[in-house]
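Novice: Read top to bottom, the protein sequences are chains A and B.
This note's numbering applies: residue 1 is where the first sequence begins, and numbers increase by one.
This note's numbering applies: residue 1 is where the second sequence begins, and numbers increase by one.
Derived CB-CB ranges, DEER-like:
{"id": "1", "chain 1": "A", "residue 1": "Phe-75", "chain 2": "B", "residue 2": "Ser-102", "range": "31 to 37 angstroms"}
{"id": "2", "chain 1": "B", "residue 1": "Met-26", "chain 2": "A", "residue 2": "Glu-78", "range": "16 to 22 angstroms"}
{"id": "3", "chain 1": "A", "residue 1": "Phe-72", "chain 2": "B", "residue 2": "Ile-15", "range": "26 to 32 angstroms"}
{"id": "4", "chain 1": "B", "residue 1": "Gly-185", "chain 2": "A", "residue 2": "Gln-6", "range": "34 to 40 angstroms"}
{"id": "5", "chain 1": "A", "residue 1": "Ala-105", "chain 2": "B", "residue 2": "Pro-359", "range": "41 to 47 angstroms"}
{"id": "6", "chain 1": "B", "residue 1": "Asp-153", "chain 2": "A", "residue 2": "Ser-29", "range": "54 to 60 angstroms"}
{"id": "7", "chain 1": "A", "residue 1": "Trp-10", "chain 2": "B", "residue 2": "Glu-157", "range": "58 to 64 angstroms"}
{"id": "8", "chain 1": "A", "residue 1": "Ala-32", "chain 2": "B", "residue 2": "Asp-153", "range": "51 to 57 angstroms"}
Pairs of lysine-lysine residues, derived as DSS-like cross-links and limited to a Cα-Cα distance of at most 30 angstroms, are as follows:
{"id": "9", "chain 1": "A", "residue 1": "Lys-64", "chain 2": "A", "residue 2": "Lys-116"}
{"id": "10", "chain 1": "B", "residue 1": "Lys-161", "chain 2": "A", "residue 2": "Lys-117"}
{"id": "11", "chain 1": "A", "residue 1": "Lys-64", "chain 2": "B", "residue 2": "Lys-161"}
Selected chain B positions facing chain A (in silico; Cβ < 10 angstroms):
{"id": "12", "residue": "Val-3"}
{"id": "13", "residue": "Ser-18"}
{"id": "14", "residue": "Leu-22"}
{"id": "15", "residue": "Met-25"}
{"id": "16", "residue": "Met-26"}
{"id": "17", "residue": "Glu-28"}
{"id": "18", "residue": "Val-29"}
{"id": "19", "residue": "Phe-30"}
Treat the hints as calculated values from the structure; they're not laboratory data.
The beta-carbon is built from N, C-alpha and C at its ideal position, and this holds for glycine as well.
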Amino acid sequence: MLAVSQLGSWLPIALLFLVAAGLALALASVSALVGPRRARGVHDESFECGSEAIGSARERFGVKFYVVALLFIVFDVEGVFLYPWAVLFRELAWPGLAAMGFFVATLAIGLVYVWKKGALDWEH
Amino acid sequence: MPVSLADILALLPEILLSLGALLLMMTEVFLAGARRGYQALLAALFTAAAFAAFLAQRGGGPRVLFGGFAVSDGFALFAGATICAGLLVTVVLGAGFLAPRSAERGEFYALALLAAAGMCLLVRAEDLLFVFIALELMSVPTYALVAYLRTGDRPSEAAFKYFLLGAFSSALFLYGAALVFGATGRTSLSGIAAAGGGKLLLAGLALVIAGLSFKIAAVPFHMWAPDVYEGASTPVTAFMAVGVKAASFAVLTRILVTAFGAPALAAVWQPLVVALALLTMVFGNLLALTQRNVKRMLAYSSVAHAGYLLVAVAAASRGFSGPSARGEAVSSLLFYLAAYTLTTAGAFGALAALERMGPDPQPWDLDRFAGLAKRRPWAAAATAMLMLSLAGIPPTVGFIGKLLVFKAAVDAGLVPLAIAGVLASVVGLYYYLRVVVVMYMQPAPLGSVPTPASWPLDLVLVATATLVLLFGLAPAGLANAALSSTGLLGG
Chain A
1 MLAVSQLGSW LPIALLFLVA AGLALALASV SALVGPRRAR GVHDESFECG
51 SEAIGSARER FGVKFYVVAL LFIVFDVEGV FLYPWAVLFR ELAWPGLAAM
101 GFFVATLAIG LVYVWKKGAL DWEH
Chain B
1 MPVSLADILA LLPEILLSLG ALLLMMTEVF LAGARRGYQA LLAALFTAAA
51 FAAFLAQRGG GPRVLFGGFA VSDGFALFAG ATICAGLLVT VVLGAGFLAP
101 RSAERGEFYA LALLAAAGMC LLVRAEDLLF VFIALELMSV PTYALVAYLR
151 TGDRPSEAAF KYFLLGAFSS ALFLYGAALV FGATGRTSLS GIAAAGGGKL
201 LLAGLALVIA GLSFKIAAVP FHMWAPDVYE GASTPVTAFM AVGVKAASFA
251 VLTRILVTAF GAPALAAVWQ PLVVALALLT MVFGNLLALT QRNVKRMLAY
301 SSVAHAGYLL VAVAAASRGF SGPSARGEAV SSLLFYLAAY TLTTAGAFGA
351 LAALERMGPD PQPWDLDRFA GLAKRRPWAA AATAMLMLSL AGIPPTVGFI
401 GKLLVFKAAV DAGLVPLAIA GVLASVVGLY YYLRVVVVMY MQPAPLGSVP
451 TPASWPLDLV LVATATLVLL FGLAPAGLAN AALSSTGLLG G
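Bound-form chain A, shown alone:
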């Protein structure tokens, strides 16, 4: 059983929930009240990202999505590596900076490669 005095320390969290819920409600109602209504055609669909939201899963789709997904993973993983290094930046000091510099430089060379190869060019 929690003492009442301990409950007080949860107040900021409760406030956060209230603000989050209030903000979501407020924004949704403002959008419903003032926003223009064009509920027709593609606007009825949940997203406009190239493939049908509802339908058979065995559909052909552009291989470009695959390349983008792959590149996304590469740079996402880079972020995963950078984060703990940033937290321990002072402890790792110069060797850490050198190692990270080498890692990021290698990735940068990879980025230059995919850029020059045209993998980032959506139109081609």
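Based on the hints, put chain B in the right spot on chain A.
Specialist: What follows is chain B alone, placed relative to chain A:
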């Protein structure tokens, strides 16, 4: 984890290979013209530099790197130099094979160099986590290389099969490593040896052996090898047969001898390895017998050679043999790896030299070798020398390799296994010598168009055949180098 500059310098060969790969990728996007011959030269230079770095590091005692993740010992240096030699042959093969097919790109060399960097890290790994990362660094570029020459659906099929089974074997290895960690609480090989453990450790050991058996293509984990070796373009096949096998054998030996070298554990894995060796030698040779397709024949031959190498691994178990017998076994393994690398890379070079350009329903049929002795006597003589070495006939390096391996097995008390190995290699004589017979005694079929000669491929053939003969006649240098490289740290 203290990292000193000396640790980083010890990785100089791998650093050279990685830098070479990055540079080659940049030449591909910034300097890509019609002429790409310089890329092969660049790749060959970086490979030769890595080879020289491995040789230069010999002589110093064994050292632990990066707080116990990797080591620099004689075993790693010898295996690394062998891998770089195989890579050098692959690069020259690639130049001679891809350029006439207008498929020479920097990516080919970059991927090969990256995979080789993974292999070189693998042979010096001293920690199961490091082993896994190096294993993936070796495998992922190799999957891509298999699909490199995308003519027809064969390469895609081969790459997909190799990827699925490679991922499966990596998963097996990882599961085994997790069980070993669960049993001992350690991931470093010397730590596992010190901790010991019960049944859980044995389950982990079995899974680790199974995972690596896929990589070395030991029977019954060999099913993928013929299809993948046949589907990949010939230089890539040479690279897989040589580099992947050498690196996987080195790491298998290091794990078994260092982490599981205690007599009680060696008594468990030695019979396993003996059984694998027996199955691999017998079935590898028998399956190769029926092949008319020389590329498939060489694939099964590389399975059979994995069997002979496993004999050396079995002989290296410490439980039944003294430390000196173990040193002899490890040195015979290293010598055989070097001999096998030279011979097999050269044999695939012979195949690449005879392959036609356009679509061809049976590009690797035995008939392709018919009449070669009349047409190109030097290429035929070199191919004959390589086939003799694969069969293990004196005066070639293949003979010395088999001699050392079987002698090590006898000294370790594995006499029946050695006898089985000799009998299996007698079976092998038939299909290796058949190629020689066809080259020298059958006329070329009527209306056949000979493949034009390409000098890099001829260079590979002549260089490997000469070295095979040279090391066969004067094996002392290589054998002594192997014997002085058996110092496994902690083993």
